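Top to bottom, those sequences are chains A and B. Per my numbering, the very first residue in the first sequence carries number 1; after that it's consecutive. Per my numbering, the very first residue in the second sequence carries number 1; after that it's consecutive.
Worth double-checking, as some hints may not be accurate.
Stated by the list, open to error - Computed footprint of chain B on chain A, listed as stretches where at least three residues anywhere in the stretch have a Cβ under 8 angstroms from a Cβ of chain B:
id, stretch
1, 19-25
2, 92-99
Said to hold, decoys possible - Label pairs and their calculated CB-CB ranges:
id, chain 1, residue 1, chain 2, residue 2, range
3, B, 618, A, 74, 19 to 27 angstroms
4, A, 80, B, 618, 18 to 26 angstroms
5, A, 76, B, 632, 27 to 35 angstroms
Unchecked claim - So these bits of chain A aren't anywhere near chain B, every CB distance computed over 12 angstroms:
id, residue
6, 2
7, 3
8, 42
9, 45
10, 56
11, 77
12, 87
13, 88
None of these hints come from the bench; they were simulated from the model. All of these numbers come straight from a predicted model, not from anything done at the bench. We put the CB at the ideal spot given by N, CA and C, even for glycine.
Each chain is listed here by its residues.
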Amino acid sequence: MTIPAQFYLILAAVLFFIGVFGFFTRRNLISLLISTELMLNAVDINFAVFNAYSHPEHLEGFFFTMFGIGIAAAETAVAIAIIINVFRNAKSIHIKNLLDLKH
Amino acid sequence: MDFTILILALPLLSFLILGLAGMKMPHKWAGAIGTLSLTLVTILSYCAAALYFGAGRNAEGIFAPITPYNHTWLPLGGTLSIDMGILIDPISVMMLIVISTVSLMVHIYSLGYMKGERGFQRYYAFLSLFTFSMLGLVVATNIFQMYVFWELVGVSSYLLIGFYYTKPAAIAASKKAFIVTRFADLFFLIGILLYGYYTETFSFTPGETLLMSAGAVLPIALALMFVGGAGKSAMFPLHIWLPDAMEGPTPVSALIHAATMVVAGVYLVARMFPLFIDYAPEVLHIVAYVGAFTSLYAAIVACVQTDIKRVLAFSTISQIAFMMVALGVCTSSNPHYGGLGYMASMFHLFTHAMFKGLLFLGAGAIIHAVHSNEKSQMGGLRKYMPVTHLTFLVACLAIAGIPPFSGFFSKDEILAACYDYSPMMGVFMSIVAAMTAFYMFRLYYLIFWGKSHYEEQLSLYSAGKSTHKPHKPHEAPLCMTAPLVILATITTVAGFIPFGNFISSNGEAYHIHINPAVATVSILLALAGIALATVMYIRGNSKLTTAINKALGIFIEAAYNRFYMDELWLFVTKKIIFNCISRPIAWFDRHVIDATMDMMATITQKCGNIVRPMQSGNVQSYSVWFLSGALLLALMLIFFT
Chain A
1 MTIPAQFYLI LAAVLFFIGV FGFFTRRNLI SLLISTELML NAVDINFAVF
51 NAYSHPEHLE GFFFTMFGIG IAAAETAVAI AIIINVFRNA KSIHIKNLLD
101 LKH
Chain B
1 MDFTILILAL PLLSFLILGL AGMKMPHKWA GAIGTLSLTL VTILSYCAAA
51 LYFGAGRNAE GIFAPITPYN HTWLPLGGTL SIDMGILIDP ISVMMLIVIS
101 TVSLMVHIYS LGYMKGERGF QRYYAFLSLF TFSMLGLVVA TNIFQMYVFW
151 ELVGVSSYLL IGFYYTKPAA IAASKKAFIV TRFADLFFLI GILLYGYYTE
201 TFSFTPGETL LMSAGAVLPI ALALMFVGGA GKSAMFPLHI WLPDAMEGPT
251 PVSALIHAAT MVVAGVYLVA RMFPLFIDYA PEVLHIVAYV GAFTSLYAAI
301 VACVQTDIKR VLAFSTISQI AFMMVALGVC TSSNPHYGGL GYMASMFHLF
351 THAMFKGLLF LGAGAIIHAV HSNEKSQMGG LRKYMPVTHL TFLVACLAIA
401 GIPPFSGFFS KDEILAACYD YSPMMGVFMS IVAAMTAFYM FRLYYLIFWG
451 KSHYEEQLSL YSAGKSTHKP HKPHEAPLCM TAPLVILATI TTVAGFIPFG
501 NFISSNGEAY HIHINPAVAT VSILLALAGI ALATVMYIRG NSKLTTAINK
551 ALGIFIEAAY NRFYMDELWL FVTKKIIFNC ISRPIAWFDR HVIDATMDMM
601 ATITQKCGNI VRPMQSGNVQ SYSVWFLSGA LLLALMLIFF T
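Let the sequences and hints guide you as you build the complete structure.
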């Protein structure tokens, strides 16, 4: 018995909106980063699911998933670097410190 | 005649040198540069005159006009273009002589008069600018070039009237002069544009066919040009600026407001004379009537003024009006049949420039000696200033029309032309001529005869009644008296120039002959005027004077206030035009047009304020907006497809 595609999609949607909610509401930069990761992973799941269920003979969706994971890793590295710099300057990783960059 | 370009180039060059570097050089250099360039210009002008008239008449018996230079400056499409060039013909050569002579005299005279003044170099720079513009005006090859220089002359007049820029009266006078003449120039410009549009050329001499096509518009255009001329030449009711213009330095009054610039209007009418006489004789009659009224008005006002420069100013207005009348009474372009006035007008322009320049320079010497313009500070000056006294007397005799001085000959021709036109006009102008003699000799006696103000003050001082030791009047230095003597010599002999041989209305030679009846009447009237002035003023104010003053009380009061013309103008402009037209327009502009613009700006600003918080720079709120937008689009996609 195979798991129906909707289950995966519902999981992805729930994950995505948890990420969105976290991105909107959290004030900690690390939490924001985690929220972004959640959204990215939700998308990755979608890619993999659609590939597996609608075009099993192709592999583009899986490749996209791989790219997504790679980019997420790179992005995390950059984001962590920024956050470390913010912390060094402000002794805090609250998001309001980033607003100071406006001036 | 290629060298004539130098006549224009030299004053311009000296203006540039003095204007740019003048303040860095000592006074003497500035004066020397200005005077030297003017000396060269004068020599060149006389050379031009000698060469031009020396070349003789052409086959048709006239002096043919020469245009050594004529370049298209602005092509306006079609045949219409604005040219810049030099036109040499009898009247422009005559004007070159007048302007360069008087200007040179004023340059020399100012070396003494303006000595040590602050802004001496600036003064000479402006004088050069004025001379350049005036020379450019008279040698203009077309009406538009004339207009360009006409405005330049106006500007230099403005600058020189306001030379003492710390004196409020001088500033007010310069503004008044500029605004009034500018107002008249507006009509001049409209006239030029009408003329250019309908004749398809700005030339003074369009072809016959072009003139025919212009038809009915031509008199209107010419009349509008005359309004411009009337403004510059201070014809009633646009004369109000000239008396106030006397706030400028006296040599400036001599040059600009007596001899040269104010006759520009006469010159303009003379320049357009062939068109006036052939296509708009009725406008010429208007010129005559305006001139006649102005001459009488100015003569009456001149009789009661106390400021000697104002007397001379009104006398100038009156004499220029004589020239206008002489042009206006022409009924034919043939000098032998009613075209005499043209020659008489130019002749009077020439002689008047000399003797009026002399009068103003003389007045300058007197003002220099007693440090006041008021006649009450003068009296009995003939002992202290013999040269000024004699030259002033010569000029007074000339303007009064006593032979053999030049004014007699030119004024006699004008009167003869007036009698030819209509006996009424002749009698009218003869009366004004008699008044001229009266007010000039009134001025002469009040300055040079009667009780000496200086001696009165001195006796008061020596009797211990006054603590202020009066300043003894002294004769002016040589550089001021020399121009007086030169101009007096010219005034004495200029009447014998066979003027009609050089200038006449259609170019043919005209031999001036004195009409014995007219001459006798005018001499007698002039003598009567002088006699009356002698009786009334030779010993200061006599009993007769007091009696006359009492009898004519209100009239004299009105004349002293120039018949309230200035007040009338102020009333018309301030009360009527400003209050009834300008204010409502300003209100409309402020509250309707500006308000509409303001409203649009306010709305934009308000909208901006509303959407501005969206651009917070906060990534989280951006993403909220982004997500809501995406959701909205998704909903639209679902419900509208």
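> Looking back at the hints listed earlier, which ones does the structure fail to meet?
Replying inline: Hints that this structure does not satisfy do not exist here, as all of them hold.
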